[in-house]
Amino acid sequence: MPADRFPADEVRRVEPSSWLAVVRAAASGRAFDWLGAADEIGRSNHLRVVCRLRATGGDALRLETLIDRDDPRLDSIAEVYPGASWHEREARDFFGIAFTGGDNRPLLLRDGFGGRPLRKDFVLGARVIKAWPGGKEPGDAKAAGRRRMVPPGVPDPEVWGDREGAPASADEVAASVVGGRVRRRR
Amino acid sequence: MRYWDWFGDGSLVVCDLGLACCVVELEAAALGRVRLDAAPDGAQVAVVVAGTVTDAVAPLVRKRVADQPGDPIVIAFGACASAGGPYWDSPVVTKGVDQLVAVDHYVPGCPPSPGALDEVFAAHAR
Amino acid sequence: MSVVPHSSIRLIEDSCTSCMICARECPAWCIAIDSHTEPLPGSPPGPRQRTRNVLDSFVLDWSLCLYCGICIEECPFDALEWAGSNVAAADVLGGLRHGRDQLR
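Chains as they are written, first to last, in numbering that gives the first Met the number 0: chain X, 0 to 185; chain P, 0 to 125; chain L, 0 to 103.
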């Protein structure tokens, strides 16, 4: 299929304070496609919220905003697109974003589930308990290699665990999540 | 509870616990078999757990197996039901239905082929 | 080009260098490899002696494998390939952990 069948989205960066107004202004002639979020840790201390709108039979518009990772709140767009409510509830479950004026009931996670599992510093217990088979070096009979390797997607215990001194910075957590060699800090 | 009469003779009836996409293969394997509304007296019951067992549905899975008459055969159909499969690291997924109930057969695959289930039952019929 | 159904994965031991790439790339962490280093025959002893990795064990856990084929794609030595036959059911979970003999 030729690449121009999938033209790149038009992307507009929006200030969080004008999120609802921009969505409302863009809504005419466009349908809601999806809303999601991403953890920007390592690049900046933000969560990125993305809303994709699609003109009927036409091009897509992607609205993006960065909100404070430590106090993530944003106006709900459910009054413009009621269907966005489920997406917002999902983002609330997985990233801990509070949508002002929206429906903030849990959607997929039970109340009382500890943590926000799609934030990159969320530690997956299963990956901590099980030894990573890739941690060995070729030819190494023992589990621990000379070089310390951590698997992709798992923050290194040096970074996420209780440790002496200052808590890990965002870029340390992000670097350890990518996998590969771990930079030890004293 | 509904069952498939697997061999059409009332000897083995199959209860499906379709929890995720593996149920598509299970239904393909069951295509054309007779549906029953209850297990006939004396029939061997088999419970096929097809799909991802989440912690949220774990109590229901346990109850559904406990409610079966007789001593049911439990089959973990596919990687998720066997050990969590691709969701082995999820914070909300039970790492295999054998953490809830005793399992008699583990069928690998993501998904397994419908024929894999036939092989398991054929071995039981012998 | 013939299409091989994604039914199981075969290990071609002679091609495997125990490089660990498949084990590291597997998203399900279902491949475990043990290997050790031996002097290369004919390489003179000393600090510059050349060595090779010898495969001790290769275990693929079919209870976790999602048949994504990343291990096959990533292997630089084409030591893994799709094979046609289904992996048989097991009566214990550990029975789905297949070693070198079953992966041939």
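Treat each hint with caution, since some may be false.
[Said to hold, decoys possible] Just a sample of chain P residues kept apart from chain L, beta carbon distances all over 12 Å, derived: (1) ASP4; (2) SER10; (3) LEU11; (4) ASP36; (5) PRO39; (6) ARG63; (7) ILE74; (8) ALA80; (9) LYS94; (10) VAL102; (11) HIS104; (12) PRO110; (13) LEU116; (14) VAL119.
[As the list claims (entries may be wrong)] Label pairs and their in silico Cβ distance ranges: (15) L:ASP90 <-> P:VAL23: 21 to 29 Å; (16) X:THR55 <-> L:GLU72: 36 to 44 Å; (17) L:SER14 <-> X:SER43: 43 to 51 Å; (18) X:GLY124 <-> P:PRO58: 16 to 24 Å; (19) P:VAL23 <-> X:THR55: 47 to 55 Å; (20) X:ASP8 <-> P:ARG34: 28 to 36 Å; (21) X:ARG72 <-> P:ALA122: 56 to 64 Å.
For the record, the hints were derived by calculation from the structure and aren't laboratory data. All values reported here derive from a predicted model rather than from experimental measurement. From the three backbone atoms N, C-alpha and C, an ideal C-beta is built for every residue, glycine too.
These are the hints, each one checked on the structure:
no. : hint                             : verdict
1   : ASP4                             : 22 Å, holds
2   : SER10                            : 20 Å, holds
3   : LEU11                            : 16 Å, holds
4   : ASP36                            : 29 Å, holds
5   : PRO39                            : 26 Å, holds
6   : ARG63                            : 21 Å, holds
7   : ILE74                            : 8 Å, violated
8   : ALA80                            : 9 Å, violated
9   : LYS94                            : 10 Å, violated
10  : VAL102                           : 8 Å, violated
11  : HIS104                           : 5 Å, violated
12  : PRO110                           : 9 Å, violated
13  : LEU116                           : 9 Å, violated
14  : VAL119                           : 5 Å, violated
15  : L:ASP90 <-> P:VAL23: 21 to 29 Å  : 25 Å, holds
16  : X:THR55 <-> L:GLU72: 36 to 44 Å  : 39 Å, holds
17  : L:SER14 <-> X:SER43: 43 to 51 Å  : 45 Å, holds
18  : X:GLY124 <-> P:PRO58: 16 to 24 Å : 21 Å, holds
19  : P:VAL23 <-> X:THR55: 47 to 55 Å  : 33 Å, violated
20  : X:ASP8 <-> P:ARG34: 28 to 36 Å   : 47 Å, violated
21  : X:ARG72 <-> P:ALA122: 56 to 64 Å : 58 Å, holds
Checked against the numbered hints listed earlier, the structure breaks hints 7, 8, 9, 10, 11, 12, 13, 14, 19 and 20; every other hint is satisfied.
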